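Undergrad: Each chain, letter by letter, is given below.
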Amino acid sequence: MHRHPDDYIKPELMACCGAREIKDGDVVIVGTGFPTMAANIAKYTHAPNATLMQESGVFDARPRRPALSVGDPCLNPGAAMIGGLVDIMGMFLQAGWIDVGFLSGSQVDKFGNINTTVIGDYNKPKSRLPGSGGANPIGSLAKKVLIIALHNKKRLAEHVDFITTPGYIDGPGSREKWGLPDDTGPHVIITNKAVMRFDKDTKEAYLATYHPDTSVDEIISLTPWELKVADDVHETEPPREEELKVLREVLDPQRMIRIYEARGYV
Amino acid sequence: MHRHPDDYIKPELMACCGAREIKDGDVVIVGTGFPTMAANIAKYTHAPNATLMQESGVFDARPRRPALSVGDPCLNPGAAMIGGLVDIMGMFLQAGWIDVGFLSGSQVDKFGNINTTVIGDYNKPKSRLPGSGGANPIGSLAKKVLIIALHNKKRLAEHVDFITTPGYIDGPGSREKWGLPDDTGPHVIITNKAVMRFDKDTKEAYLATYHPDTSVDEIISLTPWELKVADDVHETEPPREEELKVLREVLDPQRMIRIYEARGYV
Amino acid sequence: MGKVMTMKQAIASHVNDEDLVFIGGYICRTPFAAIHEIIRQKKKDLTITRSNAADDFDMMIGAGIVKRFIGTFLSLGVYGLGRCYRRSIEKGIPRKIEVEEYTNLSLPMMLLAGSMGMPFVPVRDMLGTDLLKIKAFMGEKKYKLIDSPFDGKPTLLVPALNPDIAIIHVQQADEDGNAQIWGIGGDCKVGANAARKVIVSCERIVDRDTIGKDPSRTIVPSFKVAAVIEEPYGAHPGYTPGFYDVDFAFGALYQKASNTLEGFNDFLKEWVFDIEDRTDYIQHYIQTFGYSRFKELQARFDYGYPVSYEY
Amino acid sequence: MGKVMTMKQAIASHVNDEDLVFIGGYICRTPFAAIHEIIRQKKKDLTITRSNAADDFDMMIGAGIVKRFIGTFLSLGVYGLGRCYRRSIEKGIPRKIEVEEYTNLSLPMMLLAGSMGMPFVPVRDMLGTDLLKIKAFMGEKKYKLIDSPFDGKPTLLVPALNPDIAIIHVQQADEDGNAQIWGIGGDCKVGANAARKVIVSCERIVDRDTIGKDPSRTIVPSFKVAAVIEEPYGAHPGYTPGFYDVDFAFGALYQKASNTLEGFNDFLKEWVFDIEDRTDYIQHYIQTFGYSRFKELQARFDYGYPVSYEY
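Chains as they are written, first to last, in the numbering used here: chain X, 37 to 302; chain Y, 37 to 302; chain H, -10 to 300; chain U, -10 to 300.
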């Protein structure tokens, strides 16, 4: 069995949760931070043949430090292929080759829709956010979308203020109606409190596992929709020793992942 | 004034006729043989800033020998840009950047339509020809199309058996009706006997100049449509000394151009 | 002919008020020298476009020279939201820009269409989201939703985009403008080739023979290029592969400055308006932060292998 | 995983009867070793496609393994019309193949569409010509002529093409299939990326670190590649930039042989059926024509300059 050291921080647990969703051989599109770490944990443990790419044009980078953006200079030396946006977003993503995409957002709703455009009314915004970038196409076209979010009533929503990136949109049948490709869509929401998955019939996120220091009740109280709970709900498996080893010794020796604690991932 | 040595062969004259249609700064798409030589004569004489490309993906090649095909190895070393078909045919030709294109064909008709597909009925062909290749897009999209042809009743036709490449199609208004870009289309037919241009109103090829060893009457008798003759019809200017010098000393010291004599260009 | 000129000449001659300007770069090879010069020359009412915009777009918006933005995203990356962008949209300071929102798939594809003479292209994203509900200055031409004539399925079409001018920064170009890059491309190739003309800023002008030693690296051919400017460190505080790293500390400086309107204006005065040209900018950088910090930006080198195109 | 294999294994495992096969090359990097193996294994009823087909397609047609051809052009270049192609179309020998006719713009754009997940793309050629009048096995799906939903203008749409398998020959690839080229590209990149899987034949297998020294040269990523075969001189009688020249004399030999059905069959026996593999082929070449003629094909070298991707 696996050893589970208890000195981990929440972002490390979340990265491990992401890693476990990746299968060997998966083609993964990542941004920075969590996603890259998650995908690389998978690659260094159970999924050595997973390959990663960044939307800016990079496939199978070999960075010597964690990339701080999808265009980070460290992604260039040693990559297997470098092209441009149309190669990654068109030739690989739109053409249906991406198995896993990671997304995060300022707001995520129960159908896995994501808002990265605006808080408040679009025309009179309370807060203008960056916009879609690569999020909408990844959410539209990757086979499994893994969503990273902060677990509170501000960041989770029954309905997002603005659907930048499609989850299941209005619920069952919506993606099909709009002609989004079959077998795509949100797969899981990984928060700092829990892992939520999507009900096959209702397309609503439900509680699958709760992280070690929390409870089903706490999570329900932090979730702004009437959260369903899985019959087999249980505690999230903490980071395994070998996962933490990869994370701390190979991927992020300077533990830059700690910046996520400052952003509320505790 | 220019000196005109009289030891030239007909393909050399034809190449010079082509060269004179090219203006300084023109962007020219060429195949092999005549077109390349014509464009290069222009480049070495009055049009030093003309640039050439081949559909296979090469821009501004610096071949050490005349290229025998648009994919010839000699086009690689020293070129300014090498990509693929979508770069040349899409990014440059379809996007409207090509000023001059050269074409030839087994049959050319009075509207400048070209057949390189089939002699006889398409389904029961007398002779199956190569097909369009790059000819149709060049004929559709280059601003000035220069057509090279043998002057006889087999190669020229009132109507080609098969329109592979559009000239003026059915005559005035046809290109516009089909939505081909404005200000494109055949500009001249250069044969081994004459230079024919296209009437602005009827879009029919008429005799503009006759080559030194022939006559208006001979050309009319060799042309399968009722050939109109320009009011100012006159003899084609023979190759200038400096044109021949470029051709023989720089472009084709082994005088590979002679193979066109064997093909009937006499 | 003479395409080689100063950035001042290039921007004065080739960027007009109200132009639709594509500006290449993706942190990688951002043409910052050109952007500073555009701001210095106080060009008016530009429409700017690129996928994934960053500090450069934020700065132009803050400087008030932008009327419209055809975009997908604007942020300062690790430094968070674009402060000038937020002030513009949320408070109309210095003016409220109009935004046409696309994505990092649809916008590059629109530029691809523009570069290849296609009037429009189908894309498979944006469907079902509020990105289809909002339309700004492009109005009904933002997109069309049709039933595919091949299989009847709902198909989203986005129009070709053809900028009046594209500005890119590359590793090297020759005097005629044949421009070569290696490393992350972003939407530089499609954006530059979609434009009616191109300004090429480069780390070094090389001779035509050098270009010819490796023509597969060329992304823009000479005949599209109107101006060539040799502008070493032209992408700072962005990076250029093989030449220099991102200047993270300068990014933090910009973040801090742009937090307030006053700070932003002071920054603009110090680093743009009181600066003559790129040489002056680098001089000022070295005087302000010291040569050792400047030197640290310089890339280590790890050369690959040369290839031969011979036969 | 194990993608590295012999050509015999690759063709046996990955090319099926009735497949739509894209075969890259444009005189440049023709995957002739693969083509010979396909003929040796007597694959049936293939549909073959590429822009500007040449001797390789002519040979497959003559060998009777082709049912359909989605093409633009087929000739032997300086050696004139494709003899087997003519015999097939004009006389049904050995069988009459069906031809779907496109152009060197429309077909690469269909592969581009296929490679980028676009269901179709607009093209500006073929209009007004007999190429629109003839339709073969693609029938009404050959193209659609619509009024543009943006401006009402007549617009021709051609469908995406997604081959079952693509076969390309490149200068170098690693064991996972990351494939690199330089020099004339033809429609190799779009064709390979449009396919469901790719067979990569290469002059040399290099390690992953070598690929990583110059990743901008990669045209196909590992995850699309099913088989990697190190096959030096794999493009003969075509050429590979940096490795060897076109073998014009061999082209003449093929022309002469294929002038008659008997000559063609003898040629096929000598150079394909009685040959075990590429090593055997080269051995036979050297025994037949002498090592000095073989040696003459080898490219001169004129290496360019290496670049660094460092920061």
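Keep in mind that the hints were calculated from the coordinates and are not lab data. Hints should not be assumed to be uniformly reliable.
Under the rule of at most 25 Å between Cα atoms (straight-line distance), these lysine-lysine pairs were calculated in the DSS-like manner [claimed, not checked]: (1) LYS202/U - LYS130/U; (2) LYS142/H - LYS162/X; (3) LYS160/Y - LYS80/U; (4) LYS124/U - LYS142/H.
In silico negatives: residues of chain Y with every beta carbon more than 12 Å from chain H [stated by the list, open to error]: (5) HIS40; (6) ASP62; (7) THR68; (8) ASP135; (9) ASP249; (10) GLU254; (11) GLU271; (12) PRO274.
Predicted model only: the values in this text are computed from it and were never measured. Note that the Cβ used here is the ideal one computed from N, Cα and C, for glycine as well.
Undergrad: Decide, hint by hint, whether the structure agrees.
TA: Structure-based check of each hint:
Of the supplied pair hints, the one linking LYS202/U and LYS130/U is violated, its CA atoms being roughly 43 Å apart against a limit of 25 Å. Taking the CA atoms of LYS142/H and LYS162/X, the gap is about 38 Å. The hint is violated against a cut of 25 Å. Pair hint LYS160/Y plus LYS80/U holds up; C-alpha atoms about 9 Å apart against a cutoff of 25 Å. Taking the CA atoms of LYS124/U and LYS142/H, the gap is about 23 Å. The hint holds against a cut of 25 Å.
Distance check for HIS40/Y against chain H: the nearest CB is about 31 Å away, which clears 12 Å, and the non-interface claim stands. In this structure ASP62/Y is not separated from chain H by more than 12 Å, as the shortest Cβ-Cβ distance comes to only about 9 Å. With a minimum CB-CB distance of about 16 Å to chain H, THR68/Y clears the 12 Å threshold, and the non-interface call stands. Separation of ASP135/Y from chain H is inadequate, the least Cβ-Cβ distance of about 9 Å not exceeding the 12 Å criterion.
No Cβ of chain H approaches the Cβ of ASP249/Y within 12 Å, the least distance being about 38 Å, so the stated non-interface status holds. No beta-carbon of chain H comes within 12 Å of the beta-carbon of GLU254/Y; the shortest separation is about 41 Å. The Cβ of GLU271/Y sits about 35 Å from the closest Cβ of chain H, beyond the 12 Å cut-off, so the non-interface label holds. Separation of PRO274/Y from chain H is adequate, the least Cβ-Cβ distance of about 31 Å exceeding the 12 Å criterion.
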